[in-house]
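Student: What follows is each chain in one-letter form.
2 protein chains.
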Amino acid sequence: MKLFDGGKAPNPRRVRVFLAEKGIEVPLVPVDMGAFGHREEQVASRNPLRRLPLLELDDGTVITESVAICRYFEELQPAPALFGTGALGKALVEMWQRRMELNLMSPVAQAFRHIHPAMKEWEVPQIPEWGEANKPKAIEFLHLLDNELADREFAAGDAYSIADITGMIAIDFMKPARVQVPEELANVRRWHAALRARPSADA
Amino acid sequence: MKLFDGGKAPNPRRVRVFLAEKGIEVPLVPVDMGAFGHREEQVASRNPLRRLPLLELDDGTVITESVAICRYFEELQPAPALFGTGALGKALVEMWQRRMELNLMSPVAQAFRHIHPAMKEWEVPQIPEWGEANKPKAIEFLHLLDNELADREFAAGDAYSIADITGMIAIDFMKPARVQVPEELANVRRWHAALRARPSADA
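Quick note, the sequences are listed as chains A and B, same order.
Note that the numbering used here has the first sequence beginning at 1, numbered continuously upward.
Note that the numbering used here has the second sequence beginning at 1, numbered continuously upward.
Pulled out of the complex, with its shape left as it was, chain A reads as follows (with noise of 0.2 angstroms):
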């Protein structure tokens, strides 16, 4: 199998900190985003989306969404367990991923690219009104979160769960994205610096 990388993207942070924390190796087929590699043929011919990640494996069936390829390697290699174990484990982190994904993630990239003058050509039409609005929609979210982590250490319970890696990647997405986390949300800031001290968070 071959994973289609597109670097420094989000989306495919996503699938290579998961890949890490499982201690699963996959040869990495690289592709220039920042030179719209992803709309040439190479992509659009597995993905009519065209977009990454893309995960194609050895039989040519292609595997696209970072959490579709993530849950295909959580039911190949099942520890560590990064979907949760038992229904409500498993429930509870469905949940944050969701809520990392919607209150959070979706917030900051549509500021990102409703915003920033590099993503003119990505995001058609361009709306700077829509990206202002999702600013405080991030914060008003890193508040809630600011009070769950108080009595725990990871988004989802005791264990490291994939709604971390994306609560991490969405803050780390902040900064391009011009979002500053509250500096009174100590909790937040704890749990994001242990999240970034993990090897996992380099890959």
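Some clues are possibly wrong.
Chain copies aren't distinguished; within one or between two, either way the pair holds.
[As the list claims (entries may be wrong)] Taking lysine-lysine pairs in the BS3-like style, the calculated list, with each CA pair at most 27 angstroms apart, reads: (1) LYS135 - LYS8; (2) LYS22 - LYS90; (3) LYS175 - LYS90; (4) LYS120 - LYS175; (5) LYS135 - LYS2.
Hints are computed from structural coordinates only; laboratory data are not their basis.
Mind docking chain B on chain A? Use the hints.
Tutor: What follows is chain B alone, placed relative to chain A:
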């Protein structure tokens, strides 16, 4: 356990259709979202995001996010499998579930929330230009989906799955969002009609 339900809104309906397909009955607590019942104490004390649906277990544990609630029931009662079977089957359901959410449900919801006059108090600020920008995104994806459905019965393959539930409800949601399925997309129309003919569609 009890399921705090939001009536005809898309996300509460996703869970009800899922439960109907599983043949699982859960006591419902109806909440009138039209009267902003989901912003009142009953919901806010259980879900700080003040959204529905929401599942409360007998010990008071709360699971939010439609797909997390569905996954909980999938784990409790695996048959019929609505999240796929086997590593590849589960990955492909996850992939199609996310494609349906990100490329169909989400743009349709954005069009509805940012254009429909009834959403003025829900989506602040309402940005009609952003709503309009989402309509062609949904239509573009429907063309891609039509291609895919040419040679299979369901979104993720030969078996009905949660990806079909999300897709069906997204297409139903196009009506209030005032977006039409293009006449020529015969495969999408055939697939949607077949899903609507299942008893679960009325749940």
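Student: What label fits LYS120 with LYS175 when the C-alpha limit is 27 angstroms: within, between, both, or neither?
Tutor: This pair counts as within: shortest intra-copy Cα distance 18 angstroms, inter-copy 31 angstroms.
Student: With identical chains treated as interchangeable, where does the CA-CA distance between LYS135 and LYS8 reach 27 angstroms or less: within a copy, between copies, both, or neither?
Tutor: within (22 angstroms within a copy, 30 angstroms between copies)
Student: When Cα atoms must be at most 27 angstroms apart, do LYS135 and LYS2 count as within-copy, between-copy, both, or neither?
Tutor: Close neither inside one copy (36 angstroms) nor across copies (34 angstroms); limit 27 angstroms.
Student: Check LYS22 against LYS90 for me: Cα-Cα at most 27 angstroms, and say if that holds within a copy, between copies, both or neither.
Tutor: both (17 angstroms within a copy, 18 angstroms between copies)
Student: Checking an output row: LYS175 and LYS90, CA cutoff 27 angstroms. Within, between, both or neither?
Tutor: neither (31 angstroms within a copy, 34 angstroms between copies)
Hints 3, 5 from the list above are not met by this structure, while the remaining hints are.
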